[in-house]
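Here is how the chains run, residue by residue.
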Amino acid sequence: MNKTHEQETKEPIGFDGKLNKAFSDINTQIQQHIDKTFCNTNNIRWMAESLLKDGYLKISNIVPDSVKRVFHEDVRSLLSQFAKRRDIHIEVYW
Amino acid sequence: MSNVRQQDIAEHGEVIPAVYHSPPLLKFLGELAKESIIPNPWEYEKFIINRQEKTGDTHGWHWGDYPYSMIWIIQAPDMSCGGLLECIPHTYWDKKELMIQEHVLQNPISTRAHIAGDIYVLKSDTTLHRVTPLVKDATRIIVNMAWEREMDRDRAVTHETFAFRD
Ligand SMILES: [Fe+2]
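In order, the protein sequences belong to chains P and H. So the first sequence is numbered by my numbering: it starts at 1 and just counts up by one. So the second sequence is numbered by my numbering: it starts at 1001 and just counts up by one.
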């Protein structure tokens, strides 16, 4: 597949959980939510089979609403500061 | 289509990188996948924010470079605007001979509409998928996250679909 896209010259930045102020709290919230919401192993089995069968699994409650809310806020804030139209030219199938 | 790159999210975002690396989330995803998954060894393809906005903006048919993706729908237009997910699971990516049209002709296609707040997991390396073009100017914002299998942590990956993230 041939493609051209803007050269991404900026080096990527790795992740250090100790430097991320949200990390510990988010882990606690997600852990508690999963323990509470997905405690039925039978349900997990059917979800796993759905993912296997369909290649797709809608699981909008995988995180608690509190995490989803701050996640969406993070997205909006980053978009307002850093979004750039990067038109990608790529071999098109239709 | 506009996007926010991994580098900007990693440097200036807080919640997105935290969620992406969250051990309880990765453990649970591993239970759904029936295999251990890890943060992507290639930093550039960990996460991206994409915003389709103009008529014709699309993510064309492709497979993912990495096996598991999670897509967070931040904003979605009415389904009459396009921007629908189409999937063909259990298809295999022969990088020398893509045969996209043949795959599309030979298989049923599942089409799904989403609303803001939806989250889905995609087995993206074996699910041929695309997001249909917007048929009018409208806003569709997603975050795409991609993870690797633990057992493949050292494999060589060609980043064919780096630009195509949905
Ligand atoms: Fe994709």
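It should be emphasised that the hints constitute simulated quantities derived from the structure, not laboratory data. Some clues are possibly wrong.
What the hints assert, rightly or not - Here are the computed lysine-lysine pairs in the PhoX-like style, where the Cα-Cα straight-line distance is at most 20 Å:
1) H:K1034 to P:K68
2) H:K1034 to P:K53
3) H:K1027 to H:K1136
4) P:K58 to H:K1136
5) H:K1027 to P:K36
6) P:K84 to P:K10
7) P:K84 to P:K36
8) P:K58 to P:K21
9) H:K1034 to P:K58
Each hint, compared with the structure:
no. : hint               : in the structure
1   : H:K1034 to P:K68   : violated (25 Å)
2   : H:K1034 to P:K53   : holds (13 Å)
3   : H:K1027 to H:K1136 : violated (40 Å)
4   : P:K58 to H:K1136   : violated (26 Å)
5   : H:K1027 to P:K36   : holds (15 Å)
6   : P:K84 to P:K10     : holds (14 Å)
7   : P:K84 to P:K36     : violated (39 Å)
8   : P:K58 to P:K21     : violated (29 Å)
9   : H:K1034 to P:K58   : holds (17 Å)
Of the hints listed earlier, those the structure fails to meet are numbers 1, 3, 4, 7, 8, in rising order.
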